[in-house]
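By the numbering used here, the letter at position 100 of the sequence shown is numbered 99, and the numbering carries on one by one without gaps.
If you are wondering where the hints come from, they were derived from the structure by calculation, not from laboratory data. Predicted model, so just to flag it, every value in this text is computed and none were measured. Honestly, I wouldn't trust all of these hints.
Simulated crosslink set (DSS-like; lysine-lysine; CA at most 30 Å straight-line) [said to hold, decoys possible]:
#, residue 1, residue 2
1, K133, K176
2, K146, K109
3, K176, K233
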Amino acid sequence: MIPQLSDFFDLQNSLFTNLFVEGEAPWLVLPRMGLFLQTAIHNHRKGTIHSQAVLQGDIEVGEGTVIDPNAFLLGPIWIGENCHIGPGSFLRGPLIIGSGSRIGHAVELKNSLLLGESSVPHLSYVGDSVIGYKAHLGAGVKVSNHKLDGSLVRVKPFPVEGKTSLSDDVIDTDLRKLGAIIGDSVEIGCNSVLNPGTLIGHHSRVYAGALLRGSYAPRSLVRVLQTHEISELKSD
0 MIPQLSDFFD LQNSLFTNLF VEGEAPWLVL PRMGLFLQTA IHNHRKGTIH
50 SQAVLQGDIE VGEGTVIDPN AFLLGPIWIG ENCHIGPGSF LRGPLIIGSG
100 SRIGHAVELK NSLLLGESSV PHLSYVGDSV IGYKAHLGAG VKVSNHKLDG
150 SLVRVKPFPV EGKTSLSDDV IDTDLRKLGA IIGDSVEIGC NSVLNPGTLI
200 GHHSRVYAGA LLRGSYAPRS LVRVLQTHEI SELKSD
């Protein structure tokens, strides 16, 4: 069974609602971004852009956004309002960064959608991924987007009762590159690595140093011991 959008995102009143199709796999938004950017980008560059930042190609920068020195942006890229793009960051389009997001020092992003108020603070790589509202990736988090053998990425359906899916059931994505689908308000600890096709449901937490593979249901808590220990987060 294909995971539902509601397992990851609350898209009510989102600027990006039309990018998603109800009942469709959430990763299919990635090939759709290029068409969106063709109409969304008008090359308005507002906010504060440091003279030592390099912007090439079609790039939209919203009001209140700050782009620090030595950031390198290669369009097409759409950046919303009140974002911060840190020094030494490398952003490659097609890329959409929702308003209020924070991209830190030496972060590389490519072909991804950040839904807004999300944070990739520093020393991280994120490729071919969707990051939900108010999701936070700790320092050094790496989202791997390409399998070593170059084969198409397959994902696992969500497990039952918060336990890791060990079944042979897989879903073909037909994508050679797919990083992760990270839900709203997910917290990922420092130096974690997400293997291609990792799915993390909304409001989950991942302890530092995790090596993730497969699917984690909404409100999962992933502790790193000798093996992953997964439980369900209690509601406040």
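Starting from the hint list further up, note which numbers the structure goes against and sort them upward. Structure breaks hint 3 only.
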